[in-house]
Structure formats: C-alpha cells, structure tokens
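Modelling step: build the complete structure from the supplied sequences, incorporating the hints.
Single-letter residue listing:
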Amino acid sequence: MDKRTNMNLSGRKHARVIIVGAGPAGIGAAVALARKGVRPVVLIDRASNVGGIPALCRKKPGAVPTFVSWLHGRALVGEQFVAGLEARLAETDVEVWLESLVVEIHAGERRVTVASRAKGKMDVSADAVVLACGSRERSVAERGWLTGSRPARIFFTKHLFDFIDVNDILPVSRSIIVGSDSVAYSAAAKLSVAGAGQSIMLDRRRRPQCNVFQKLYFKFWSRPKWHGSIQEAQVKGLGSVEGVKISDKKVLTCDSLVVGGDLIPNTELALLGGLEVRLPSRLLEINSANRLSSPGWFAAGNIRGGFHGAQSCYLNGKKVARSVLKHLA
Amino acid sequence: MPLQGKILYDWPNAEIEEPLILSALGQLGTEPYDVTIVGAGVVGCAIAYDLSQYQLRVLLVEKMYDVGEGTSKGNSAIIATGFDATGGSLESQLVTQASRRWPELAHKLKIPFKQSGALLLAVDDEQEGKLEEIHDKSFTNGVDDVRIVNAAEAKRLEPNASSKVRGGLLIPRESIADPFTTSIAFAEVAMANGVDILLGAHIVGLQNCQSTVKNLVTESGYRIATRLIVNAAGLGGRDLADLYRGAPFDINPRRGQFLIFDKSSHSIVRRILVPLPTAQTKGVLIIPTIFGNLMAGPTAEDLPLGSPEATSTTAEGLRWMLSNASGLCPCLPKQPVIGTYAGERCNCKQGSYLIRYNDGYPGILTIAGIRSTGLTSAIALAEYVTEGLGEECDLSLDRDPDALDSRPDGCWPGWWRKPIDDTKLVKKNPDYADMVCFCEQISRGEIIDALDSMLKPRTLDALKRRTRVSMGRCQGFECRIRVAKIVSEHCDIPLDSTTQKGPGSELVAPTHEAIYG
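Residue numbers (our numbering), protein chains in the order written: chain Y, 1 to 329; chain X, 1 to 517.
Think of the hints as simulated: they come from the structure by calculation, not from any bench.
Among these hints, one or two may not hold up.
As the list claims (entries may be wrong) - Derived DSS-like pairs (lysine-lysine); straight-line CA-CA distance at most 27 Å: (1) Y:Lys121 <-> X:Lys418; (2) Y:Lys119 <-> X:Lys427; (3) Y:Lys13 <-> Y:Lys121; (4) X:Lys485 <-> Y:Lys59.
Note that the structure is predicted; figures quoted are calculated from it, not measured.
Structure follows, in structure tokens:
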C-alpha cells in the first residue's frame, strides 16, 4: 500500500516495461513480469485506485454480485476480486502510478506521455509497452440505430454503478436499457436491487445477446421487460428523457435511458499514436504472439475486443507477459 | 473602466449561489434600461457587444440557462465568405462584410478560428460545367480570391476526395470557428462593459407599449422597464412579436442534422468539402472542426414551429448524410462516428434577414430570419442595427471611451489553452494536471476556471461548451459523474440537483431516493 500512496512518480524516463491500465489484465501482466525478475515495471492508471472497472462493483447490503469471478470455487464481487489482485501486486516491486493519464503514445519510439498532478506532463520510454486500457460501452451515436434528442439522464451502466454503489444515490425510477448483453443485464439487476421499478430492455436483436446461463443467473435479480427486433429507437424528451419511440405507433415511457454493454475497445490512443487499428471495428492488429503492428507493443485484456470477465482478463495479462518476456529476451 | 454588468438567473428554487439568483427586481437597478435585447443567441450577444461600446444601460435577456444555447450551438460552425449568396441582398452584404473582419474579430475576442479554405467539388461533366457560373457569382459577391482547379489539382489538394472528381472551385477564405465561444465572448465583453445579463427569463407579456418606458413581463412575474426592445429571440421571435402585434412574418424552422467523427479521422480532409448544389438540396458538406474532429452534414428538413422533433436526429437523416458524404469522400463511412446532433435554422417564410424598426409600436425592433449565416454575420448585423436604432428610434449613440472591444485577459482562457503544457502553471496549480475528461484531455483546474468565469455557467451543458468535457469519443462514459461532482462541490449544488441545461433536466430523476439508508 505504501508503494501506492507515495506513487513513486520517480521522474523516470525509461522503464523496462510500461503497462497502460491497472485493471485485471494490466495487473496480471505486471505481476507475471515482476515475478520473472523484470524491473522496473511501471503500471499506469488514470484512476485513484487499481482494479479498473471491477473495483466499481462494491460489496454492499443488497448489492448484486455482478462482475463475478469464480476463483477457487468462490463467487466474488468485483471489489473482493480486486482486493486479491492488490495483494498479489503488493508482493512485487511493480511501480504503480495512479491518477496518471497516458495522453499520447508514440509507437515508433516505444514512448508514452503521462499527465499527473504530481509531475505534470512527462515522457517515459520502455523496451516493451503493454496496452491494457480495456473497453467502454458504446455511446448512443456509436450504436447507429439510436437517434433522437439529447436530453439529461442518458447513462451508461458504469454511471449506475458509480451512482448507486459509490454515491448511494438511485438516480432513476423507471429505466429503459438499450442492449442485452450481460453488462446490460447487470444494469437491470443493479436497478432492481436498488429499488427502481421493472426496467424495459430493448435491442435490435430478436433474442437477448446474453447466454442462457447468464440469463438464468440475472433472473434471480430482475426480469426486464423485453422488446426485441427494434429497427430504430428514437429518444424523446427535451429537458430529460421522457421515452423512447420504437415504432411509428409505439412510444415507451421512462425517466432515463441506460446505454448498456456493447463494449468497444479503447484503441483511439493507439490509433493516434501510430499503431494499426482496423476501422470501423477499432480492433487492434494483433498477431499470434500478442504483438501489435510496431515491435515491442502488446495488448492484454478487453482492449483486444469482446467482453471477458475479470478473471479471464487477469489470465490473459499473465499470458501476454510471456510474449513480452520473449521479446525482452 | 465601466462598472461590470451583473449576471443573474431567473431560476426560482435553484440550488445555485444566492447572489446569482434573481429574487427582487431591485437587483437590476432602479433606472429603466435604454435597450433590452430579448434572446442571447449569437445575434443577441453581438448586439449587446456592439451596444456596450456606447454610453447606454443595456440588458440581455435569455429564456434558456446559458448564452448561445439554441440555434447558435447546433450549426456547421462555418464562417462563410458568402461566395454563393444571392447577390444584392442584405444577407450577402453583411456576410461579405463580416467575413473580412473575422480574423481580427477572432483575435480580439479570443475565438478559435481557422481559415481552412473550402473546395467545391464537381463529380460529373454537368457539375463541372457549372463551376464557371459559381466562380462568376463569387466575384459579383465580392469574393474575388476564388479559383477554379482541375481534377489533378483538386486531388492534390484533397487526396482523400473521390476519384470521380472532375474539378473544383477553391475558396481560400472560407473558415471554421468555435460557435460556442463566439456567443460567450460577445456576452463576456458586453458584460465587462456594464451590460446586465438575465438568464432563464422567458418573456411572456408586454405592458405600456405606447409609452416611452415599456415593461417586459417574465414568466416568474418580474416587470422589466426599458425604453427600447430588440427582438432577437430567433425561433421564439414570432411569439414575442405577437405580444406587440408586430408585422406578419412566419418562422419556418429547418432542421439540420450532423454526424461527428472522431479526431482520428481529422486528417482525412484539410478543407471544407462542398458538393455542387442541386435544385433539391445544397448537399452534404464535410467539415473539419476547430476542435479537431470531422463533421458531415447538414440535412435540410422543414418542420412546424415548436415541433419537439426539431432537435431530434433520425436514422433516415443520418443514413442519407453518410451516403451523400461518401460521394465526395469514399473512405468516410469507415470512420468511427462519435456523435450526432440536430439544430434548427431560423428560416423565415417572408425572406431572410428581416429587420423592422418601430414594429407594432415605436421603440421596438424585430430581427427575424437570421439563417445559418448568422454566426458569420452577427458582428456586421449588430453594427447595422445599432446604427439603425440611432436613426429610426432616436437612440443617442455616444461612444463610451472606456469600453473594451476585446475580451479581457481575466476571462475564461478556453479549452484550447491546454495549461497542462505549461510547467510553471501546473506547479502553481496541480489541478491543471488532474485530468478529468480523458478524451478531450481537460483538467479539473480548467473546469473550475470555467465555473468561476464571468458568465458563471451553472449547467453541465454550459460547462461542456466552454471546456469540451464529455464532448469526446466516449461521450461522458468516463467523466460524466466526476464532472457533476466537481460542479456540485465547487458551486455547492447537491449532486442530485445538478442539471444538464436548467430546471427539468436534473441529472437524477426527481422521484429518486437515497438507498442503503
């Protein structure tokens, strides 16, 4: 913990390995590299704590254990899982830079520019860089089939967790959730447990994207009313969200919209920094050895696309660390 | 230096600081105003700016909770040369005049501005034949630096343009600017020169029209005394004109939808790409923005006045724009779209730039039909009507020798200043290195500076237009709650009472309750 608080923003200009993102994947890679004697390993995150998205899922009375990981047969809430990762990280000599935002990357020089309160803007180069920046939920415009006005109370699932778990505020009473993967279902569960009424879920798909097991699991918490095969959904309301028009005749009323799941990798920095990114999918070009288009660059976790749970990202981080070791050797 | 004007919000029960809330008319002084401008869009703000150069008591009243909140925010952000305007009209005259002054204006008012140039592209023989005609028209409009380019040169200028391009017309002075800052800058200088600004005040009544001192009545019942009234209410102009039985005009809003592409697409085009207008449509432009994004648009759809759909995007509209834009730039559909928006052009059936002095009653000026060119022309239009008020309405125009015509240095520095790059500043205030908006790289220090700036923005959208927080690719995924918290802490507004754009747009639904006890 001491290592975390003094932040050791050592004015370092060069590291053996830089890892961008201290979520499960980044920690997995950092721990694996440090255990193999690689040093210095610098782990950078913009948040004030390690753990990434799972750290947002607090264990609170009545809280849903979403973002669960079955580690050693135990169901863990995000926060608990992260505590385990932190303990493992603390046993190593990884330098953790928190509240530090990577603002630019320079693919050719294997260099990143970091901004932080402690140091202002500084450049750090490395022999290898692992991008573990995760993913985010696709915005209204990015989905392409959601149009309409832009009123208040259009949230992402992440905002619900932030409101409900971190700030103890239930910001909505009747929500429409757009999307139907397990992230969207976790939004429904979170709302239902926090005391909001039944949510409505809509998607372009005919059937929910969530698989049978996930659906069964979430059923325990909530059963959102399903509207599938929606061609175009139009947000209504000028001040705040009042409803969503799903066909010429039908407008569903609500007081908020949750844009759930449909994750998109955070690859924009990579694209602007000169790494190859496929458009419009925004997936990184990754070869079989986990390498990106420029030598010495790697990617781990959900930035590689798709949606994987915390533990699977952690394991992926460890796996990518092996590729990094080969590169360093 | 003149005494700085006041900023007040007519926002009963607002959780904002008391000195900012209008609670008694006395806060606006006891003397009647010489001029009250209704509508703080870019036109109203520019008029306030110009009138503030004279020894006058001026009030700027706005229905919404920030300046430049309506039509002035949802446009193409192009500073037009007026090369394609209908010659001889007041519109073309003002646009041509203003466009030559913009570089200096932008410098004085600290408005981000760039002469990107525009390239009008012909993609078939028929269109190529029309280039000459447009070239000549530009010259008649006083835009004499345009030049016809052949296919090879067009391709050299814009390598990502369609291979079908047969030729084009280069308009070097067509420019882009920050539309949000334009209204804000005008209003800030006006306020520094003593103009009072009242936000959130919807004018619903008018009394004593015949007398020299008239009264405007706001929705919350305040009676504002003023000698002259300027109706610059844009889309609300007809409703206001009905209060004083102004001469007939009909507002016919025309919706324009836009697509915003990510900053990674910015280098695809260097100039504004303009298709050749057809009989049906002016076509879809591809516009680099001053913020570093790329835009495509607009659509042109007539909607009834007051339609709730007016600022609503449609799937059909967005598809239409994308397919049209790909005609000029085939790689565009592959680029990631990060945002969409729709704005209303304030079209008037009776023609554009309708200006009537002593409309209905002596001392009332109606300005209507300021269409998309308003952003460019506002400054010239303001001077034109100031002069007119002097001649037609006996407004005595004595220059105030102490009035500022530039934006004071103490004003909000703006999103483009990037204090993070200034080591000394960061050392003095580490908040400038505390990044809140990751996509646009905006720090906590900049957000606080904006909240403390002259116009005291108190809504999240107003903050967004000043700092660009949550305008980036993630559209607030990372920062929305954190920004709301900073506003809440700094302005002492409870988190659940912070609003997106004033009352009725609270971040938290009114029926919510605290959970977990």
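query = Of the numbered hints stated previously, which ones are contradicted by the structure, given in increasing order?
reply = Per hint list: zero violations.
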